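Novice: Sequence:
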Amino acid sequence: MNRLYRVLILLLGIALASCSQDDQASATEKAVKSETSAVGGSKNLSGGVISTAEAAPAKQSPELVQKGKELYGQNCIFCHQPDAIGKPGIAPSLTNQEFLMTASDKFIMGTIRDGRAGTGMPPFAHLGRSGVEAILAFLRDHAKRPNISAKIDKEKQVHGDERLGKLWFDQICSTCHGMNGDGYARGGTGTAIGKVGFLGKASDGFIRETIKVGRTNTRMLGFSGPDGMANMADSEIEDVIAYLRTVPSK
Numbered sequence: 000m001n002r003l004y005r006v007l008i009l010l011l012g013i014a015l016a017s018c019s020q021d022d023q024a025s026a027t028e029k030a031v032k033s034e035t036s037a038v039g040g041s042k043n044l045s046g047g048v049i050s051t052a053e054a055a056p057a058k059q060s061p062e063l064v065q066k067g068k069e070l071y072g073q074n075c076i077f078c079h080q081p082d083a084i085g086k087p088g089i090a091p092s093l094t095n096q097e098f099l100m101t102a103s104d105k106f107i108m109g110t111i112r113d114g115r116a117g118t119g120m121p122p123f124a125h126l127g128r129s130g131v132e133a134i135l136a137f138l139r140d141h142a143k144r145p146n147i148s149a150k151i152d153k154e155k156q157v158h159g160d161e162r163l164g165k166l167w168f169d170q171i172c173s174t175c176h177g178m179n180g181d182g183y184a185r186g187g188t189g190t191a192i193g194k195v196g197f198l199g200k201a202s203d204g205f206i207r208e209t210i211k212v213g214r215t216n217t218r219m220l221g222f223s224g225p226d227g228m229a230n231m232a233d234s235e236i237e238d239v240i241a242y243l244r245t246v247p248s249k
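Under numbering that gives the first Met the number 0, think of the first position of the sequence shown as 0, with each following residue one higher.
Treat the hints with care, since some could be wrong.
[To be verified] Simulated crosslink set (EDC-like; lysine to aspartate or glutamate; CA at most 20 Å straight-line):
id	residue 1	residue 2
1	LYS58	GLU97
2	LYS155	ASP82
3	LYS165	ASP152
4	LYS153	GLU97
5	LYS150	GLU69
6	LYS58	GLU69
7	LYS143	ASP113
8	LYS68	ASP104
9	LYS200	ASP113
10	LYS150	GLU97
11	LYS211	ASP169
12	LYS68	GLU154
13	LYS165	ASP233
14	LYS66	GLU97
15	LYS211	ASP233
16	LYS105	GLU154
17	LYS105	ASP160
18	LYS66	GLU132
19	LYS150	ASP104
20	LYS58	GLU161
21	LYS211	GLU97
22	LYS200	ASP152
23	LYS68	GLU132
24	LYS66	ASP82
25	LYS211	ASP160
26	LYS143	ASP233
27	LYS153	ASP104
28	LYS211	GLU161
29	LYS211	ASP152
30	LYS200	ASP82
31	LYS200	GLU154
32	LYS200	GLU69
33	LYS58	ASP104
34	LYS153	ASP233
35	LYS58	ASP169
36	LYS143	GLU97
37	LYS211	GLU132
What the hints contain is simulated information worked out from the structure, not anything from laboratory work.
Source: prediction; values computed, not measured.
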């Protein structure tokens, strides 16, 4: 009964979160501007406050950032928007703080270089390593928190039950990400998390952290903890990841 109750609460929350794409984009833009003007300490992924010193991200070369800004304007702005906050149903935010905090340089650079087959994200290998690194520096320059990808990428691989994971995915995740995680291609408002282009680069730790804490100012809500959309057990999150790992082969 407790499990059924939690599922019902989840589905209700998803329904309430399904605002229009224009409303979501507007809310995201306002929130990003608010974050940009914030000073002092910031929250870590657990919701606690960390000092400004702890929160300081790695410094980027001003010259490299400027080069990346120019390349971004020439190649990425059309889908990801001028301020890189993305647009629901078209392209995700690249300056979301949780994303910048959890995504590794390898993950971001690999995605820019290779694109995402089966989605609207083309490869940009023609920019060369220096060009890709410049865009990475431009994106990293938006970060307000230290990157923790080295830590979460080393977390244990999942050993969940893919059958249970499919149930959770179909009931919850598919609402935005589409059946089988096809994302925008099937009319979803969430990204294509069931594609090889994503799963081949994303670690279990990266996916796990994203499910737990979500992405602020987007439709991707956190699903763990007292402030989460649902306090999913770690084992249930593992089940979802285990299922996702089987999707590309089906």
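Novice: Going through the numbered hints above, which ones does this structure break? Give me the numbers in ascending order.
Specialist: Hint check: 2, 3, 5, 7, 12, 14, 17, 20, 26, 30, 32, 35 and 37 fail, others pass.
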